[in-house]
Amino acid sequence: MRHLLIVPFFIGMAVAQDQPAPAPAAPPTDQSATPAAASSTPDQTAAPAADSVISGSIELGYRFVSGPYGNQDVYRSTVNLGQGPRLVSFDFTVKPVKKLFDHFELQANSWGGDPYNSARLDVDKTGLYRLTADYRNTAYFNFLPSFADPTISSGILLTQSSFDTHIRTSDVQLDLLPGRWISPYLAWSRDSWFGGGTTIFVQSRNNYPVANSVSDSTDNFRGGVQVSLPKVHVVLEQGGTTFRDDQGVTGNGLNTGDLTSPYLGQQLNLTSLDELYRVRGDSLYTKVLIAANPLTWLNVSGQFLYADPSLTTHYNAAATGTLFLPETFAFYNSGTDLITADANMPHSSGSFTAEARPLKKLRIVEYWNTDRLHNAASSLLTEQYISTGSPFLGSDAATDRLVLNYNEQQIEIFYDLLPHLTVRGGERYEWGDATVRPSDLSGLAMESGTLSRNTGLAGASFRFREKVRASADFEASSGGEEYFRTSLHNYWKLRTRAQWDFLPAWRLAGNFFELHNENPDPLVNLNFVSRATTASLSWLPNSGRNVSVLLEYTRSNVNSNILYLDPGTLGTALSAYLENGNSATALIDLAPRAMHGFAPRVSFGGSLFTSAGSRPTEYYQPMARLSIPLAKGVQWNSEWRWYSLSESIYAFENFRSNQVLVSLRYTR
Amino acid sequence: MHLSRKCFQFAAAVLLGTAAVSAQEAAPAAAAPHNVGSDACAACHDAITTPFAKNPHHALETDKRRGHAGFACESCHGPGSKHADSLAAIDIVNPGKLNADEQNKLCLSCHRNEMTHIGRIAGGHASDGGPGCVGCHSIHGTDHRPMVVHAIADQNKLCASCHPSIWAEFQKPYKHRLAEGAMSCVGCHNPHGSGTETQRVAFANEPACVNCHGAMRGPFTFEHAPVRQEGCLACHVPHGSANPKMLTRHEVRFVCLECHANLPAAQATQGQLGGVPPSFHDMRSPRYQNCTVCHVKVHGSYVDHTFLR
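Top to bottom, those sequences are chains S and A.
For what it's worth, numbering that gives the first Met the number 0 labels the leading residue of the first sequence as 0, then goes sequentially.
For what it's worth, numbering that gives the first Met the number 0 labels the leading residue of the second sequence as 0, then goes sequentially.
Rather than coming from a laboratory, the hints here were simulated on the basis of the structure.
Among the hints, erroneous ones may be present.
For the chain A half of the interface with chain S, some residues (derived, Cβ under 7 angstroms), not all of them [stated by the list, open to error]:
no.	residue
1	Arg199
2	Ala203
3	Phe221
4	Cys231
5	His235
We put the beta carbon where it would ideally sit given N, CA and C, even for glycine.
From just these sequences and the hints, can you work out the full model?
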């Protein structure tokens, strides 16, 4: 794939050589632009595109990594940047070619060994077609030694749930006749997960860490048509999904598992294991969206979707060793399990929105949503265990069911109280029911629950001459019925935002969020608080062309207390979680005016996160970057980054690493 | 001295303003502004109109069926005759200086029902108090079809400029890789809104998470009910966390036991779903403190109702 990306660029470059000397291209997008810069007023004086057949940039470099020192597995699980040559970024645009396309753009980032590769293609011809393709390859590595186990010295539960995998996603969409009153489209999407890792083979009384290979993929094909009439817009879509999962678990050699002491006088062990999953699934779905303006003061829209996914599973496992079978209360040396299973899950959902403006200052929005899901499944297990005595043969047929009905109705009324002030209020009611499989201890076939929650809504937004903008959203519920002990019960939630452009190019902003949730049931006694306060300051003189400064600070707090039952004693225990966090980000970008053709650019800053409480953590990511133009269209970049994770309780997870990326960027 | 000069300037401005208002009242009603055509605009604003020829909105200029042929500029900026005469900025509508609601009203007069690449314009940012369409979209200066930044890193910066507290969550050690440019905010969220939720949905109204984590899509033979009832957020913090696997708690057993702490009941009324595990789960032993080490298929299993395989 990476070679395919590079080839068209050089072909394009070769073609470009035959053309008249092009005018210099516009400067490349500044990768270090601050968020505030990105949101500033759109550039209304953009220069015309360069006349060259092909324009764009390519950046090649080499990353030097010192270390990582400390726990390399945690480093790979969180940062995962390695040393070596890199295609840092690559993008080019091709001049319109008559009859083929008006716009051709290809972008690629972080290729050549980095854990996150992406590419994007965008081609179109106005009024005829638009083709977009997106590809991402993300390393998905997880080898966290503790995995929430602070007692590292007590057990060997260190690497029993880990994986070194990749997730690849691709999306391709072709829109025909875009912008016309009728526009068909076709699309294909794929995601896949593959790689290796470690998992557990659980056998009665013991667990054995074994090698695991992951391999699954989902393909989605869909096509539809958009119909745009003056007052009605309709989308009809028919789609289908295919899914496969071919996971395998293998183990060879003596494996004594987690149980280090003999069980009933014998040392349990596993000598070989082959466990294979072959899962195949498909789904067809139909989607209809409609939006209309039947009256000048009324907009309505709705959506209906029906899907019917199903899966078939073939599973077999063959294990040898000294293993224990509770059904016969005897040891065995060889066993096989064969399971076939089927599941299907009809899923229908519909929503309707009406927005009415009966008066100039009044707006009423009504929203209704329903979602119904019904999973029915069955499985048949055939097992055979062989020991020194007679073989044990068994079979077990099981069925399972999950029924969910969810409904939501919400009404909100907006009123322009003052020219600069809009207030709103409303109400949301959610209700539903669920039928689920209960715990084994209950002895029940099924368990049911109900949902019933009334929530009050309020809010206000204020803006004044584009210099001051503020908004507040509040919702609260006094409790009803919900499915889980941790669900929202008696809660209130407040979110406020404000920003003030107090001087030209200066902006001060603040955000606040707080959620309180309580459940006074004496067996639950939930008390949950989550709070975050953010202040940010930005200075972008001259739209940040020469200097930009962005400073942000967030103070966050999560405090949760809830009772639970200790499974061993059924006594009440307290689960307490506390996190007091501080997060800061700074990015300062300096690009002094060119002197004698020398125009370096310096950026520095980074981020830090520190927290105290249940998992005290310090995570630092400072950076500095220097860009120096060497010649026309050629720029030398160097970037230094430092990663450091430090945890006081889980100190064995700590790591630190210095990194320098040196690259050359060529732009034309 | 300085103060008195300012006072004088202020007084003069008030007097002039009053005079101007009086003059307007006295003068006969001026002729209603009318369209002058895009060529007239180009005479002064060629830096805008030249690249605008590659802009999707340029279709307004050429397509007679859209009702603005020949005066695409004035389809958003309003009739320009007064501005053309006076050359004063105050005599023309500048959508970039309108408040968000007025901006949206202007854009949505054509785009209200439109499908976007990731959804339909149905609220969210386009509702009251949002940033306004031009807060994200560049109307003149790009030929990118959606007229918004394409690069993933640039998209994330755009979102972070208004959502700094969310961006701060991505600075935690265990997070989705947005800061690294591997993912984009719009991969999971629909900025144009979809009903009351901000989360983007996958093809068949599944949570956006399964777009990448397809193995969690199901249907499973044995479902873990909370995954369907409350979604991934029941156990995970999607943006970033100090806890491994982006869990809501620092130890995985608390994530599980906070729900699995009910004595069996036939009819759940107030948070009663989730029965207590069997008693051999001795929480004093590290063997039982990492629930998902044994219950490896906690998101749902194809073959085992206890999620052991």
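The hints, checked one at a time:
1. Arg199: Violated - the Cβ of A/Arg199 stays beyond 7 angstroms from chain S, reaching only about 13 angstroms at its closest.
2. Ala203: holds, 4 angstroms
3. Phe221: With Cβ-Cβ at 5 angstroms, under 7 angstroms, it holds.
4. Cys231: violated, 14 angstroms
5. His235: It is violated, given that the least Cβ distance between A/His235 and chain S is near 13 angstroms, above 7 angstroms.
Of the hints listed earlier, those the structure fails to meet are numbers 1, 4 and 5, in rising order.
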